[in-house]
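Residue numbers (the working numbering), protein chains in the order written: chain H, 1 to 445; chain Z, 1001 to 1300; chain F, 2001 to 2413.
Watch out, some of these pointers could steer you wrong.
Claimed, not checked - SDA-like mimics (lysine to any residue), calculated; alpha carbons at most 20 Å apart, straight line:
1. H:225 - H:197
2. Z:1126 - Z:1244
3. Z:1126 - H:167
4. H:252 - Z:1121
5. H:412 - Z:1127
6. H:252 - Z:1137
7. H:167 - F:2174
8. H:252 - Z:1140
9. H:333 - Z:1005
10. H:106 - H:96
11. Z:1126 - H:201
12. H:360 - H:92
13. H:201 - H:230
14. H:252 - H:282
15. H:104 - H:365
16. H:106 - F:2312
17. H:252 - Z:1267
18. H:252 - Z:1057
19. Z:1126 - H:342
20. H:225 - H:257
If you're looking for bench data, these hints aren't it; they were derived computationally from the structure. All of these numbers come straight from a predicted model, not from anything done at the bench.
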Amino acid sequence: MLAQLRRGFLLAAVVLAGLLILSCGEEEEAGETPAAGSPAVTEPAGAETPVAEEVPGVTDTEILLGAHFPLSQSPASAYAVIADGQRAYWDYINETEGGVYGRKIKFIVGDDHYNPADTVEVVRKLVEQDKVFAIVGGLGDPCQLAVIDYLEEEGVPDLFLGGGVVKFTDPVVKTRIGMTLDYGTEVDAMADYIKENYSGKRMGILYQSDTAGTTGMEMMTEALKDSDIEIVSRQGYDFVEADLTPHTQRLKNDNPDFVDLMANPGAAGSVIKVAREVLDWDVPFILSAVSANEFTIALAGAANAEGAVSATSGKMISEVDDAGVQRHIEIMKQYAPNVGPSSLTEYGMNIAELTVQALKNAGPNLTRESLVEGAEAIRDYCCLTCAVPINLSPTDHRPSETVWFDRVENGKWVRFGEPISYESTPGKVIACKGAGEPVYADEEE
Amino acid sequence: MGEFIQTVATGLSMGSVYAIIAVAIVLIYRSTGVMNFAQGEMAMFGTFIAWSMISYFSAWSLPLDMNYWLPFFLAVLIAGLMGAAVERIVLRPVEEAPVLSSVIVTLGLFTMFNSIAVWRYGGIAKPFPSPSVFEGSALSVGPVVISRLNIGVFAVSLLVMLILYVFLNYTKVGLAMRAAAQNRAACRMVGVPAGRMLTMGWALSAAVGAVAGMLVAPIVFLSPNMMFAALMFAFAGAVLGGLQSLPGAIVGGLLLGVIQNAAGTYIGSEIDVTVAFVVIVLVLLVRPAGLLGHRVVRRV
Amino acid sequence: MTRSVTRTLTQRRVLALILLLLLVAVFPYLYTWPFFGAFLNPFRTFQATRFGLWLIILLGLQLLTGYSGQISLGHAALVAVGAYVAAVLMNDGFMGQDVPVAVAVLAAGLFTAALAFLLGAPALRLSGPYLAIATLALIIALPQMLKLESFSFAGQEIHANIARWTGGVEGLLLDRPRAPGSLEGMVTERQWLYYEVMVPAVIMTFMAWNITRSRIGRAFVAIRDTEVGAEQMGVNLALYKMTAFGLSGLYAGVGGGLFAYTEAFMSPDSFEVVKSITMLVAVVLGGMASIIGTVFGALFMAFQNEMVDAFSGLIPSVGFLEGYLPTTESDFQRLRGAFYSIPLIIFIIFAPGGVAGLIRQVGGAAPTWWQAGRLRVTGLAALAGQVRARWRAGPDRTDPVDQPQDSDEEKQA
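Input sequences plus hints: build the corresponding full structure.
Below you can see the structure in the form of structure tokens.
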């Protein structure tokens, strides 16, 4: 009996050893930085880094970038195609330009199931085991909240992160740069539009009970506090609820004059569809920027969505006449053929373009500090599918600060009016067209 | 008062979705004691297959809205075969093992189907057509406004219940299935192939699930995660009504829909799920085997 | 499922345990040794810390589900409660006083234990899937409750502002954990956290091991195997069931509190439905009613991602199979769930008793699926066998009569 148990334990020990050996990475760099064993509170990386010293994730031929995305076990895994967009562009640059200054970009994505506890694991692995140079495009508000302190302390650049929480970009942290329209700016833009167009009217809000929706709802309430607009209905929904008929009904019962949907495309589409088709309700809708895309129109039904208003900073995938959009589609077709081009891949490619620009600005002496400064030097930049320019500076870590309102017309989002800038570092460019062509203030559109 | 009736009506229509899936869950639970967590995902997968076929068939224009119904029935058939295959290949080996092992297998299937669907069809939600008989403007009955689709879902869930009732109680095969659910060993002793009855139970359950999926997809949109919430609520509804009872599944699902909606309207949208589950737990305290369930006698 | 709960302590086993404890004690420093430096580094220390956290949490679930037979799908809710209690205590202090970590974690554990003990009362009437769904209700409802600010009832607006304490949607950010000043320089933050977690983990593992060998443990197993019989033998069902819940709450609370401490961040999304279900999967995977099994379960939770990476590495990339088999990076990304679940399913089919069950089989203490005559060869092999038998026997042959089942089957009817 004992002998048998011992055999069992021996097997367990072998299995354990096997697991450990299996899971230890071949990604160990040849030269481990001496910082590996010392206390975790390091000086900001690259503070006095001479050229000769090892920069994690950078060799003469390669730059290793990483990000955490929800790839499985979460409804948010639909957004994983953003990573595909990023990778496609970098593959394109690797092939056509041989990378940046001779270094090809390699991209590792870690799966955090949209769970902040898992994000900590994934990011630590990327930083400490895979030794990535920077985290680029990490997705998810709660996920990022869990790791921003760690990344800041380790001095790892956290660039173009996918989350709009105001505290990500204000106060400015040297190594952290945002990407999406942050909730403060978005609410400001929307509130201005509402005050201008719906003065004296009654407002209904539908919001997702997560960071984006709840923060947005609270900020909007605050922004409209002293105006003559009355918020008569606030309906929150949990992300698990897919059928929003009851919420729409409750909104209608409160009889607002217009409704703001701070919701993702699925929820927004559902509400619009139910309102128009079931409740016969023709209330005007304002959508959050996250829903200003083709998915919402497809789900709501083109006829139902007609007239819905939102704000955006990018060109729609449906603008196939635009050279920039065409280029995007071409690159996706060639380098990520299994992934259909969409507004999500556009967003991913924007991140990738900004990264390449930052790398180019950083110069051949690549360190984490020079990368961040390279990013901060981006001014008046028009990416392929940008509709408005991107400006960054040492005090401005928000790429998206200009919005252009658009409306659904004949099943497509069409921009109207002028781009509205909330830039803290305004540049000379006011809009973008074509494949990255800037439009200056004195030019005709 | 009008608001209350509307709340109940909408709740019933939401609940009818939970009810159909709950029926599928109870079908399997009665015969194997396994809580099939993969129910929703199999339904979703069946719906995706239907979607592919509808896109294929849309090239032809067939009479009587056969563009929709032909893929519908084909998808139900395929889903049934899929359910049978899953039972035979994956569930049968863990039959002898503790029930939790089977549950873990179904959880694995859940993730597997979800992942394959994301790979093949992408994670973004797509619109799904509803049969033309359910399209059209909403119906107004007094103070209540209800969409034709919701009525359709409600009607179909009752129809499914009726069909199952007739099948299980008035046919030989149905009798054999009920026998296999009650006492497998005795079944085998009298020559009823219990194994095959199990497979058929899974096939039926998967088919019913596919029907549910195709009915609900126009409302919640087709995506690999569309059934996640519905599954949780369906489980809750099945438990509420009693896991041993098929009518209980329907009652439980409908009731859960009403409670959830009432909670959202009268208490707060943000905690409607919480309230619904609190109610379920309270009901279970009073009737531990569910509303229509009966206590199972266990031998020592 | 009957197996002996007691195993005798022999000299050899004590020696093995001491060696293991030594290994655990020096692990954070091991990577500085030449041999171990090849595959150990501070990241491994972090992973070992994670492992310790999951070990504590899963032990609670094991005591509740594995030993007492009470299926709990809502264990993550208890962990979340413990984490939030500890986080609030560490952040805001108690009655104006600063609360040291150990006290906060212990308080969290005791609070969660009390809460779980009370929650065990409704569980007395529920069993099997009913209990599972009731506990599922807990974890589904919890995020909504954690974010609650106010609600209305019968026209009144009730301001139960829980979000004020829990930080609402954005969660709670805590101070970075630091070793106490007296130890500064001797341990890095990483190593300090390791000991902060491993010491309670070892203690609580030992505690659990003792419990399972004590009167309480025997009562648990009796309740799991036969409630009626246990009652006949004088086991106070109500007391022991609630104790099982309470103990699971204690472990969950301590684990959650330590989680909050090491991560310095807590959000309503950190412990949710999928995590809760995964915990149960981990316990079953490791092996039910087995402390060693819990260790394996904790390893699974801590190394999940790496294992999935390893499995996806096994798929060859062949160009012409593109579209049918995963070949590109994005394919692998999207199929992560499949790479996680398919090996899981295969493993459970061949080892329904989990890793601990496998150990017992290899050790000869339990029959393997091919050894036990009673266990039928099933699946595709059975199908093939039936076809063959049919073909040979001709049209008159009916289904082969199977072996009589054991009494477990009858219970399911």
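- Message: Hinted pair, alpha-carbon criterion (20 Å max): residue 252 of chain H, residue 1140 of chain Z. Please report holds or violated.
- Response: holds (15 Å)
- Taking only the CA atoms, is the gap from residue 225 of chain H to residue 197 of chain H under or equal to 20 Å? holds (16 Å)
- Query: Going straight from one Cα to the other, do residue 412 of chain H and residue 1127 of chain Z come out at no more than 20 Å?
  - Reply: Given pair residue 412 of chain H, residue 1127 of chain Z holds - Cα atoms ~16 Å apart, limit 20 Å.
- Restraint check for residue 252 of chain H with residue 1057 of chain Z, where alpha carbons must lie at most 20 Å apart: violated (38 Å)
- Given hint residue 365 of chain H paired with residue 104 of chain H - CA-CA distance at most 20 Å: holds (15 Å)
- Query: Regarding the pair residue 167 of chain H and residue 2174 of chain F, is the alpha-carbon distance no greater than 20 Å?
  - Reply: Measuring from Cα to Cα gives roughly 15 Å; hence the hint holds.
- Item | Given hint residue 342 of chain H paired with residue 1126 of chain Z - CA-CA distance at most 20 Å | Measuring from Cα to Cα gives roughly 13 Å; hence the hint holds.
- Quickly compare the C-alpha distance for residue 106 of chain H and residue 2312 of chain F to 20 Å and report which way the hint goes. holds (18 Å)
- Item | Given hint residue 201 of chain H paired with residue 1126 of chain Z - CA-CA distance at most 20 Å | Between residue 1126 of chain Z and residue 201 of chain H the Cα gap is close to 34 Å, so the pair fails against 20 Å, i.e. violated.
- Holds or violated: are the alpha carbons of residue 252 of chain H and residue 1137 of chain Z at most 20 Å from each other? OK: residue 252 of chain H and residue 1137 of chain Z at ~17 Å, within 20 Å.
- Does residue 92 of chain H lie within 20 Å of residue 360 of chain H when you go C-alpha to C-alpha? Distance ~15 Å between residue 360 of chain H and residue 92 of chain H Cα, so the pair holds.
- Given the hinted pair residue 333 of chain H and residue 1005 of chain Z, is their alpha-carbon gap at most 20 Å? violated (53 Å)
Comparing the model with each numbered hint stated earlier shows that hints 2, 3, 4, 9, 11 and 18 do not hold.
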